[in-house]
Amino acid sequence: MNSVFAWIEQTPLSVFIREDFYFFFVVLIFHALGMALLVGGGLLIGFRTAGLAKQAPLHKFRGFFPVMWLGLTLAVISGVLLLISYPAKALTNPVFAVKFVCLIAAGLMVREIARRFFPVAAEGRELPPSARWFGLATLVLWIAGVTAGKFLPYTHHVLLVS
Amino acid sequence: MDPIIDIPALERFGIETGIFGLMNSKWAWPVAESVHFLGLNLLMCSVGMFDLRMLGVGRGIPIMELHKLVKFGIAGWIMCAITGFLFVMTAPGQYLYNPAFQTKMMLMATAFANMVVFYATTAEALKSTPASELPFTRARLIAFVSLGCWLGVITCGRLITFFRPPYHWCFWCGA
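As you go down the protein sequences, you meet chains E and V in turn. Everything in the first sequence is counted per my numbering, starting at 1 for the first residue and increasing by one. Everything in the second sequence is counted per my numbering, starting at 1001 for the first residue and increasing by one.
Worth flagging that the hints you see were computed from the coordinates, not collected in a lab. A portion of the hints provided could be inaccurate.
[As the list claims (entries may be wrong)] Selected chain V positions facing chain E (in silico; Cβ < 7 angstroms):
#1 L1022
#2 M1023
#3 P1030
#4 E1033
#5 F1037
#6 N1041
#7 G1060
#8 M1064
#9 K1068
#10 M1089
#11 L1096
#12 T1121
#13 F1136
#14 T1155
#15 R1158
By construction, the Cβ of each residue, glycine as well, lies at the ideal position given by its N, Cα and C atoms.
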C-alpha cells in the first residue's frame, strides 16, 4: 500500500497542497469551519433528543439539516484534499479509522433519529424513553469522532514526505 | 525588553507553576487540544446554532427554548479558556506576538460586547416573537455579528499555527 501512497504523494496536486505558501492552511480552515457546522448541528440534535429544551418541537430541527449538509460538503472536500496531501500519514493510522467509524455512525444516528422520532414529534406526541439513548449515543459519537481527529497529528507512525 | 508584555516573567510563571512541564509531557498537549475542540463544538452547537436560529434557520423552534442550551456554550467557553491559558503559558511569546492570536482575542472581545448588547436590548423582546416568524432586524444583526465572530475565532485559531510572515496581511505588525 505504501507504494500507492508514495505515488499519490508525488502527484503535482499532492505536492502543491503541501508546498504552496497558503493552500494547506486555507484547506485546514475550511475543514475546521465545515466540521464546526456539521458537529454543531449534530450535537444540537443530540442534546434535544437526549431530552433537553423539551418545549422545542424536535421535527423542526430539520431546519438545521441544510447547515449540516453545508458543513459536511466543506469538510469532505477539504478532507479529501488533506488526504491527497498526506495519504500515508492518515491511512496507516488506526486512529483515522476510529474517527471515520465514529463520525459515520454519528451521521447515521442523526438520520435514524429523524426517521424514528421526527414523525412522533410532528404528531405532537411525547417521545418514547428510548429517544434519550439515541440522543446520548449521538452526542458520544460526535465527540469521539472529533477527539480522534484531534489525535491524528500525534499518533501517526508512517510519514513518507515532510 | 517589551514595555507592555513581560514575556520572561510569564515564562517563569509557566515553569514555576508546573504548566510548562505538564504541557511538554507526552499526551498533555493533545488532550488539552481535544478539550479545547470539545469546548468549541459545545459553543457552536449552542451559541452558534442559536445565532443561526435568530437568522431564520430552524423556524418553528421557539427561540428562547433553544436559548436553554446556551449554558453548554458557556461550559464550552470555560473549557476553552482553561486549556487556552495552559497553551499560552507554555509558550507565551509564540502566542502573544502572533497576529492571528491577537485577532482571535479581538474577535472574542467583540463577541462579548455583542452578547452584552443582546441581553441588555434584545433577549427580552425575543420572548414575544412567534416561533414561526423571522426575528426583528436588531436580533438578526446581533446574531450575524456573533456568528461571524465565533467562526472568525475558529479561523484565527487555525491560523495561530501558520508560522508564515504576517506582513502579507498584518497591518499593525510593522515592517
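The hints, checked one at a time:
1. L1022: violated, 16 angstroms
2. M1023: violated, 13 angstroms
3. P1030: Nearest chain E Cβ about 4 angstroms off; hint holds.
4. E1033: holds, 5 angstroms
5. F1037: Holds, about 5 angstroms.
6. N1041: holds, 5 angstroms
7. G1060: holds, 4 angstroms
8. M1064: violated, 9 angstroms
9. K1068: holds, 5 angstroms
10. M1089: violated, 20 angstroms
11. L1096: Violated - the Cβ of L1096(V) stays beyond 7 angstroms from chain E, reaching only about 21 angstroms at its closest.
12. T1121: violated, 24 angstroms
13. F1136: violated, 19 angstroms
14. T1155: Because about 5 angstroms separates T1155(V) from the closest Cβ in chain E, which is inside the 7 angstroms limit, the hint holds.
15. R1158: Nearest chain E Cβ about 5 angstroms off; hint holds.
Hint compliance for this structure: hints 1, 2, 8, 10, 11, 12, 13 are broken, all remaining hints hold.
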